[in-house]
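J.: Single-letter residue listing:
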Amino acid sequence: MARTLANPLVPHVAEIGTELVRIFSDGSFFRQLQVTLGRVGLGFVFAFILSLALGIAMGRNKYVARFAEPAVLIGLTVPGLVWALLCVIWFGISLTTSTVAVALSLAPPLTLSIAQGLKTVSAELQEITAVYQLSLRARLRFLWLPTLYPFLLNGIRIGLSMAWKVIVLVEIFGLSSGVGYRLNVEYSSMNVAGVLAWTIGFALVMAILEYGFIGGLERRLTRWRRVAVV
Amino acid sequence: MSFAVSSASSAAVAPALAIEHVSKRFSSRTGTVVALDDVSLTLEPNESLAIVGRSGCGKSTLLRLIGGLEPDFEGRIRFEGQDIAGPGLDRGIVFQDHRLFPWLTISQNVGIALHEAAMPEAQKRQRVAEHIELVGLSGFDDAFPHQLSGGMLQRAAIARALTADPRLLLLDEPFGALDAFNKINLQQELLRIWHVRHIPMILVTHDLEEAIYLCDRIVVLSPRPGRIQSIVPVTLSRPRDRTSPEFTSIRKELLGQLGF
Ligand SMILES: Nc1ncnc2c1ncn2[C@@H]1O[C@H](COP(=O)(O)OP(=O)(O)O)[C@@H](O)[C@H]1O
Ligand SMILES: [Mg+2]
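Heads up: the protein sequence lines correspond to chains A and B, in order. Each step along the first sequence adds one to the number in numbering that gives the first Met the number 0, with nothing skipped, and position 57 is 56. Each step along the second sequence adds one to the number in numbering that gives the first Met the number 0, with nothing skipped, and position 254 is 253.
These aren't lab readings, by the way, just hints derived from the structure by calculation. All C-beta atoms, glycine included, are put in the ideal place defined by N, C-alpha and C. One thing to keep in mind: the hints can contain errors.
What the hints assert, rightly or not - Beyond 10 Å from chain A on every Cβ pair, some chain B residues (computed): (1) ARG53; (2) GLY55; (3) LEU68; (4) ASP96; (5) ALA112; (6) HIS145; (7) ALA163; (8) ARG216; (9) SER221; (10) ILE230.
To be verified - Only pairs whose alpha carbons sit at most 20 Å apart, straight line, appear in this in silico SDA-like list of lysine to any residue: (11) LYS164/A - PRO149/A; (12) LYS118/A - TRP102/B; (13) LYS123/B - ALA137/A; (14) LYS61/A - ILE73/A; (15) LYS164/A - VAL184/A; (16) LYS118/A - ARG98/B; (17) LYS251/B - VAL231/B; (18) LYS123/B - ARG136/A; (19) LYS123/B - ILE73/A; (20) LYS123/B - LEU133/A; (21) LYS164/A - PRO145/A; (22) LYS182/B - GLN228/B; (23) LYS118/A - ARG59/A; (24) LYS118/A - LEU51/A; (25) LYS123/B - ARG138/A; (26) LYS182/B - GLY149/B; (27) LYS164/A - LYS61/A; (28) LYS118/A - PHE100/B; (29) LYS118/A - PRO101/B; (30) LYS118/A - TYR62/A; (31) LYS123/B - SER134/A; (32) LYS164/A - TYR62/A; (33) LYS182/B - ARG166/B.
Make a model of the complete structure from these sequences and hints.
T.: Laid out in structure tokens, this is it:
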């Protein structure tokens, strides 16, 4: 379609290609990518710690679960756009904005996933941790975390795709660097090829993250599993 | 003057475990089950005791009470004079399902028993290796549970139960899921280990031959409510011949007790 319609709204494939080559070769893509991924990462770390603590508390104590569940469910329905707007209003142009916005949009699905995962913890193995008087830390390490790995990986997958949408919005509204900011710049100058080039570049990186990083993590964490050969 | 005291020679050896008038009920919406009713029993040091009975007569419940895995019960259970308050490293326990962590290797699984012990890492590693050797699993230290057979997994479970140096071994149908050959093999192994360790053990089983082969006394429980029906001593010298007339006659007696 793009080849047949010579139209400023749908640029020619070659134009997008030229843009891609330009942003990759002058280093701007990797500079902005680094900034954006750094922000995503920081928000991720906070969301992860918060969700792990809250999810485990919810999974193990029904009062905590009843108390926190409405907040988690509401958090789940709030669009990432709203978090982005609110954080720009509350925290202005700062690292706090991006961190909090990413953390707020990631924490609800992660928390829910962890709380659900904890219900699958084996009662039999839990008795073993009691028999050998394992500390809370050891129980986390030997029982809860390994049980939660599939749920965590799933949460990370969903989380990464959500985080990317939120961070771009935050960068468009309130920040003067990052992939979202560049997208906004290209948009303002009506450079559709530029918008598409940045989007394609970022999508590529996310795919590499998914297959390389998360896939690798998954293979490592589940290498104890028996694999059916039929 | 103190003749009366010193003449009480039978009191010189205190029982390892004293169970006094223990009852246990489980309440649920559908009603109350009396799993154990007024059970009293003592276990001598180095004694091996079997608990047999039909399914649902409270064998596992009794073992779990001793292991400290069931908090609410009536009566008193004292281990080496102390009331039991929860699980402890002084009592090793083996279940019918091996209960190894599937994501840990065999040596990591066995090492769980020493995880909280105040002991240098090198010493822990050595004790783990010793126990893996004790149960005949040398060379499988780094295998994951799914790579081992059922009998080997029970061996690993026994190793884990013994690694923290417990002073009582509790076994709940440990070989119940194994095939006949594996079972005989592991019974011989357990006997050997029990001789080496000099600790009392309680073996819950529904296999009468296993009880007679391994134990000094056999407690027969009757179901609903779980009560001690009788206690049958086995005085045959070890190793016991499963086909001897004496062995068979004890088996016959037990079968009669159980109503067969
Ligand atoms: N956690 C529990 N909740 C309710 N009932 C239980 C529970 N555990 C055991 N029981 C009941 O107690 C009785 C004894 O069970 P158990 O000790 O497992 O028998 P056994 O090991 O001799 O087969 C059974 O009737 C069983 O249904
Ligand atoms: Mg049972």
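J.: Taken at face value, is the distance from the CA of PHE100/B to the CA of LYS118/A at most 20 Å?
T.: 17 Å, holds
J.: Quick one, are LYS123/B and ARG138/A close enough, alpha carbons at most 20 Å?
T.: 19 Å, holds
J.: Taking 20 Å as the top limit, are the C-alpha atoms of LYS118/A and ARG59/A close enough?
T.: Holds, at roughly 8 Å.
J.: Holds or violated: are the alpha carbons of LYS123/B and ALA137/A at most 20 Å from each other?
T.: 16 Å, holds
J.: Taking the closest pair, is the beta carbon of ALA112/B still more than 10 Å from chain A?
T.: Nearest chain A Cβ is 5 Å from ALA112/B, so the label is violated.
J.: Given the hint that LYS182/B pairs with GLY149/B, does the C-alpha gap stay at or below 20 Å?
T.: With a Cα-Cα distance of about 10 Å, the restraint between LYS182/B and GLY149/B holds, given a limit of 20 Å.
J.: For ARG216/B, is the shortest beta carbon distance to chain A beyond 10 Å?
T.: 25 Å, holds
J.: Just want to verify: ARG53/B was marked as not at the interface with chain A; is every Cβ pair farther apart than 10 Å?
T.: 23 Å, holds
J.: Below or equal to 20 Å on CA atoms is what counts here, so check LYS164/A against TYR62/A.
T.: This hinted pair is violated, its Cα atoms lying about 33 Å apart.
J.: Check the non-interface label on ILE230/B: least C-beta distance to chain A beyond 10 Å or not.
T.: 27 Å, holds
J.: Would you check the hint for LYS182/B and GLN228/B, treating anything up to 20 Å between C-alpha atoms as holding?
T.: Violated, at roughly 27 Å.
J.: Given the hinted pair LYS164/A and PRO149/A, is their Cα-Cα distance within 20 Å?
T.: Measuring from Cα to Cα gives roughly 23 Å; hence the hint is violated.
Going down the numbered hints, you'll see the structure goes against 3, 4, 5, 6, 7, 11, 19, 21, 22, 27, 32 and 33, while the others check out.
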